[in-house]
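Asker: In order, the protein sequences belong to chains Z and R. If you read the first sequence in our numbering, its first letter stands for residue 34, the second for the next number, and so on. If you read the second sequence in our numbering, its first letter stands for residue -6, the second for the next number, and so on.
Rather than coming from a laboratory, the hints here were simulated on the basis of the structure. Check the hints yourself; a few may be wrong.
[Stated by the list, open to error] Chain Z is faced by these chain R residues, among others (derived, beta-carbon under 8 Å): (1) E48; (2) V54; (3) I55; (4) E60; (5) A65; (6) L67; (7) T69; (8) G215.
Think of the CB as a built atom: it goes at the ideal place given N, C-alpha and C, for glycine as much as any other residue.
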Amino acid sequence: MTPQEEVEHLIARVAMGDRAAFTSLYDRTSAKLFGVCLRVLNDRAEAEEVLQEVFVTVWNKADSYKVNGYSPMTWLITITRNRAVDRRRVLKRPPAPIETADLMPDSKPGPEASAVAASDARHIRACMDELPRARAHLVRRAYLDGDSYADLAEATGVNLNTIRTWLRRSLIALRECLSR
Amino acid sequence: MTDLTTPPRGPEDDDPRALAAEYALGLLTEEERTAFEARMDAEPDLRAEVASWQEHFATLVIDDIEEVAPSAQLKTRLDAKLFSSREPSFWQQIWPYGLGGIAAALVLWAAITFGVVTPEEDALRADLVAELAPTPDGDGLSLRAEVDTTLGAVQVIRATGAPPEGRVFELWLIAGDAAPVSLGLLDEDASTIIDLPENLLALLPGALLAISDEPPGGSPTGAPTGAVRAAGPLTST
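With the sequences and hints as input, model every part of the structure.
Answerer: Structure follows, in C-alpha cells:
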C-alpha cells in the first residue's frame, strides 16, 4: 500500500466507527495538520482548539470522504485550513506585514526556479517558483496564512483592487504553468 | 480609496479558472461565493477545477508546512469529547450481536447433536452459518446466512423485514480489524445466493457478516454508508 492508500484505508475504517483506525489516522496526520493550524493562527491554544474540531469532523464525516473526489491528505488539509481560516476571521487577527520591497511587480523569479521548473513543470512548487517572487508570496499568504484580500491590502499598504488584480493574474499564470 | 469592494474589470475577471482558485482560497465575497456555488452545480468542470486547485494548494502545504506535534493531552481531550457520549460506534453497536450469534449457534449445535432437529438438505452444503440479529436500526429484521466454502457461495435468507423505501440491503464481511468488504446486494426475494471471491474464503470462520441499507446499486463509496441493520458472526456448523 502507498502512504496515500494507507490514509485512505484508515479513513474508510473511521467511517465504520473504528476507533483504533481513528487513533492511527490521528497519529499519522495530526502533526502536519497542527502545522497548518499554527501557520494560520500563530497561537498554540487556538490551533489546538481548531485541530480538535477538525478531528471531530473527520470522525463524523469520514463516510462522506469518497464522494468529494479529493485525495485523502487534500481532504484533511482542506478541512483543516478552512477551519483555521474561519477561526482566524472570527478572532480578527491582523495580518503580518509584508515588506514593500518584496512587492515590486517586476521582481525576478526565485533563484531555483529554472532548475526545478525543468524537472517537474506541472508541480505547483515549480510553478510557484516561476512566478515573480512577490506574487508567489501573495499566493502563499492567501493559502497558507489564510489572508483575505483585505488582509493583504492591509499588510502591504497597496489598495485592495490592485492586490486582487495581482493575485488573479498570478493564479492564472500558475494555472497555465500547471497545465503545461 | 473610493471603492474597495468592486475590483476593476480586466481580462482575468472573466476567467473561470481564477474564480475557481479564489473560491478554493476563500477570497470571494459572500455574494460572489453564492453565485459561484450555483454555477458549480450546473458546471461539473468548474467543480473539477476547484478540486484540482485544492489538490495543488494541499501539495503546497505538504511541501511548505513543518510538522508540529500537538500536545499529548489533545488526543485525550478529543477521545473524551467523542467517545464518552452516548453515541455508540459501529463496533459497539454490533458486538452484542456477535455474542448473540454465538449463543444461537450453540443452541443450534446442541439441538442437532441431541437430535432435536436435523439440518435440511439444501442446494448449498453450509459449513458456516451466521444468524444476523437486528441492530437498534434493524427493527423486525431477521436474516440467516449460510456459507458453502467448498462451492464458494453464501445464501442469505431474509425471514422478516425489508429495506426502507428506495433502499437496498448490502451484505458486508468484516474479518478481524480489516475494513468491511462488500459481498454484494440482497435481492428483493427472501433468498439471495452470492458467489464469494476465493481470496475471502479463508477469512470467513469467525468473521462478522453485517447488513446495511444503501442507495439502489449499493454503497457508492465501497464502505457502508447507511445504517447497519443486522449483524452476526459466522460459526462452523
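Asker: Each hint should be assessed against the structure and marked as holding or not.
Answerer: Verification of the hints:
Interface hint status for E48/R: upheld, as the beta-carbon distance to the closest one in chain Z is roughly 5 Å, under 8 Å. Hint status for V54/R: holds, given a least beta-carbon distance of 5 Å to chain Z, under 8 Å. The criterion of a C-beta within 8 Å of any C-beta in chain Z is met by I55/R, whose closest approach is roughly 7 Å, and the hint holds. Using the Cβ-Cβ criterion of 8 Å, the hint placing E60/R at the interface with chain Z is satisfied: the shortest such distance is roughly 4 Å.
The criterion of a C-beta within 8 Å of any C-beta in chain Z is not met by A65/R, whose closest approach is roughly 11 Å, and the hint is violated. Interface restraint check for L67/R: the shortest CB-CB distance to chain Z comes to about 5 Å, inside 8 Å, so the restraint holds. Contact between T69/R and chain Z, as hinted, is not supported at the beta carbon level, the nearest pair being about 11 Å apart and thus beyond 8 Å. Using the Cβ-Cβ criterion of 8 Å, the hint placing G215/R at the interface with chain Z is satisfied: the shortest such distance is roughly 7 Å.
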